[in-house]
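**Student:** The chain contents come next:
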Amino acid sequence: MRVVVDLTLCQGYAQCAYLAPESFKLSGEEALMYDPGPDDAQRERIMRAAAACPVRAIFTEPAPGTKA
Amino acid sequence: MTGPIAIVGAGLAGLRAAETLRREGYDGKLTVIGEEAHEPYDRPPLSKQILTGWVAADHTTLPRLENLDDVDWELGRRAVSLDLAGKKIVLDDGRAVPYDRCLIATGVRARPWFNETEAELDGMFVVHTSDDSRALRQRLAAKPRRVLVIGGGFTGSEVASVCRMLDVDVTLVELADAPLSGALGGVIGAVAADMQRDAGVDLRTGVRVDAIESDERGRVDGVRLSDGTDLDVDVVVVALGGIRNTEWLTGSRLAASALGIGCDAGCRAFDGNAIVTDDVFVAGDVARFPHPIYGYQMMTLEHWRNALIQAEIAAHNMIAKEADRRPHVSVPWFWSIQFEVNIKSVGVPSMADQVVVTQGSTADRRFVAAYGLNGTIVAAVSFNDGRYLEFYERLIQEAAPFPIRLDNVDQATGDDPVPAAFPPQSELTNRPTVVLTGHSPTEMRVERKETEETAA
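Chains A and B supply the protein sequences, listed in that same order.
Numbering of the first sequence is given in the working numbering, commencing with residue 1 and proceeding in unit increments.
Numbering of the second sequence is given in the working numbering, commencing with residue 1001 and proceeding in unit increments.
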């Protein structure tokens, strides 16, 4: 799947790093590193991370077959 | 309804513009032209998590936030000219794409090493496309003897940071007195210099690379610096910024030059007479636009967020009624991640003449610095303190006085502002060469002067 994080908005709350640690990691104290092309098996965790982001910085593509 | 619409450039700006057009109800013919064969992809990871090896280089394809299945994607195709009067774009295969409205978002390309023979050597790299990043990743994974990074801007500093993460020896050469000083000034650049040296980067400032040596098989085998030093390196990363992709518009009668494509705050391109056009719009790294809060100075911003916002505004204005047009006036932002520090910026630091640390401390590498010009705040930069920057954004929006008075948390020691120490702007040698024609002052026109460069 495809993921992009608006790192202008990101403030390093790290909710995503707890909910989807395979795809989101902190580099140091507040810099976010993420996998923009994670395996589809990660979708549920990533959607949870996107929903939990306090500044709504995580953007994903709808799953195949669903309406954009 | 307007239509057809053509977008030249399939990066972040081109994609976001296409999404905005569809979201706002434009359902006519939409063509997106992109020189690279890839679908629109994100570039910031190319100098970070791609180079570390965590993420594959072809895994940064941007999500489509709207359904774009019915877009005509012309990928792997270059636009070679724009016919302003005939309202069409000519592609490198000779086909013409007619438009009623057109958006130019052709971005920048990496500035190559100036010596063409040296630039061809095995071991020379730039970092701009996903193919660039894939190639450099492979070389870094093969444990080079030492990497030389030429240029201490954000990309070069990020590459040096990745080298140290991978335990690869790296030298960074920067002509100014400190890395990042072009964007953040010499005072904050000095903090970046300390960060680099603490991480084990062999940082050399105030020098340039005079020659790149090669072995008998055409591989990089050492460099000579302007101070006479020889370095044993086998990989060179050229990080000298970008060149705006405007050459294809030379014959177009648009205000296109090495400085970018002039446009108004509504993203409408200027023609060569600097009169605004109605049908041609510009967004992203190539757009040269006036910013009201910086005295209406014309500026180009090579920032991720600028591409996003400007593309949305341009797309909106392409299909909006005149009374509904929006201006591109938001305060610029950018970020960089290097040496495990999150650097964020709001405003335009390089406009400033003074800087002062307002929160935290540079020794801890957790601080905010405010930048001022003539008694007004114009920018703020944070190192690992990004949560405070929205506060500074509001101060910039309000043209608040500088130095600022703070009654909030984590106050700095209260030093006085000091000169921000930006290096002198390099003289642009590639300005548009134009001549004025006509006799009557009310009937004069601007013509582009044919030079060897534009005739080529």
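Simulated from the structure, these hints should not be mistaken for laboratory data.
A couple of the hints might just be wrong.
Claimed, not checked - Using C-beta positions, here's what the derived DEER-type ranges look like: (1) A/VAL55 with B/GLU1443: 51 to 61 Å; (2) A/ALA41 with B/ASP1215: 41 to 51 Å; (3) A/ALA41 with B/ASN1067: 19 to 29 Å; (4) B/ARG1326 with A/PRO62: 25 to 35 Å.
What the hints assert, rightly or not - Chain A is nowhere near these chain B residues, computed Cβ spacing over 10 Å in every case: (5) GLY1206; (6) GLY1218; (7) ASP1407.
Where a beta carbon is used, it is the ideal one built from N, C-alpha and C, also for glycine.
**Student:** Hints first: check each against the structure and report whether it holds.
**Tutor:** Each hint, compared with the structure:
{"no.": "1", "hint": "A/VAL55 with B/GLU1443: 51 to 61 Å", "result": "holds, 55 Å"}
{"no.": "2", "hint": "A/ALA41 with B/ASP1215: 41 to 51 Å", "result": "holds, 46 Å"}
{"no.": "3", "hint": "A/ALA41 with B/ASN1067: 19 to 29 Å", "result": "holds, 24 Å"}
{"no.": "4", "hint": "B/ARG1326 with A/PRO62: 25 to 35 Å", "result": "holds, 27 Å"}
{"no.": "5", "hint": "GLY1206", "result": "holds, 29 Å"}
{"no.": "6", "hint": "GLY1218", "result": "holds, 34 Å"}
{"no.": "7", "hint": "ASP1407", "result": "holds, 22 Å"}
In the structure shown, no violation is registered for any of the earlier numbered hints.
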